[in-house]
Amino acid sequence: MPEQVAPFRVVANKMLLTGVNLDFFLHYRSRSCSTASSAAKRTFEFGRTHVVRPKGKHQATVVWLHGLGDNGSSWSQLLETLPLPNIKWICPTAPTQSISLFGGFPSTAWFDVADLTEDSPSDMEGLDASAAHVANLLSTEPSDIKLGIGGFSMGSATALYSATCAVEGKFGNGNAYPVNLSAVVGLSGWLPMARTLKNKVEGSQEGVARAASLPLLLCHGKVDDVVQYNHGAKSSEVLSSTGFKKLTFKTYDSLGHYTIPEEMDENSMGFMIHLVKMQLGSSFGFLLSELMSSDYIF
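Numbering (full-length UniProt numbering), first residue to last: 1 to 298.
These are calculated hints, taken from the structure and not from any lab test.
Simulated pairs of lysine to any residue, SDA-like, Cα-Cα distance not exceeding 20 Å:
#1 K88 x N71
#2 K55 x N86
#3 K170 x N180
#4 K198 x L247
#5 K57 x E141
#6 K88 x V179
#7 K234 x Y252
#8 K88 x E141
#9 K88 x L78
#10 K88 x I145
#11 K88 x G56
#12 K88 x N136
#13 K222 x T248
#14 K198 x K234
#15 K170 x G203
#16 K55 x Q77
Please take these sequences and the hints and turn them into a complete structure.
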C-alpha cells in the first residue's frame, strides 16, 4: 500500500478535472470571478501525501499532481500497479480552498482559477505555494536520483508552471527554485502565466539554456470538453516558441477529459481504459527514457 505523509502548511502574503461533476462545473462557470489579490495573509493547508516506493533499484522520483477536486490517494493507487520498479512516486494532495470558477465553492485545488485556459488570470500566490510544495518534496531526494514532475488537468498546469520556474531559476515571487528537473509531463492541462513566459526566459541566457535542455511531454484529447484541446495546443506552441526544444505534444482523437470515469457502462469503460492507457503509456515511456538514461546531463 502507498505510504502516507502528514499534511503540510504554507503561509504566504496574499497581494482536472477528476472528482468534480461536469454539470456542476458548467453551472458555476458563468459565475466565476477574477483572482484579484488583497493584503491579507493566506494559508495553504496541503493534504496527505501518498508515496509509492520503488520495487527495484531507486533511480528516479516523480511528484504526480492530481486534478481539481481530486486527491493524491487515487493516483497513488493507480501508479502502484504500473510496471515501473525503479521510480518512486510522490502523490500530494492540494489544499481545499474557495474556487472562483465555482463561484467560491471550496474544492481541493493547487491554485484558484477563474477559467481553465492559458489566458485566464493567474493566482500567482497559489501557483508559487504549490510549486514550492512540490519542490520541497523533491529537495530531500538523494543527489544521484533524477527528478520529475507530472500531473493531470490542474495538476498538469502546476507541473508546467513548475517547469517554467525551474527554467527561470526562481518562483514568481523571486525566491530561488531549489531543484534540477530531468523531465516534466502534463496530461490534459494548460500553461499558466503563458503571456509573460517568453520575455522572462529570453531575458536570461541561463534560462534559455535550461529551457532548451528540459524534456517536456504534453498529451491532450481532441474531444476534451473541460480543458479544450485548443488550449493544450496553444500552451504547446507558447512553450515551443519560448525555447523548449525537447517538447513533445501528443494528441488523441477520441479522448475527453477524464482518467477513468466511474459512470460508464462496461463496454465504454473498456474503450476508455484503452485510450487512457495509451495516454499514460506515452507519458511513462517518456519518463522512463528521460529519467533512466545514463547519459542525461542536468
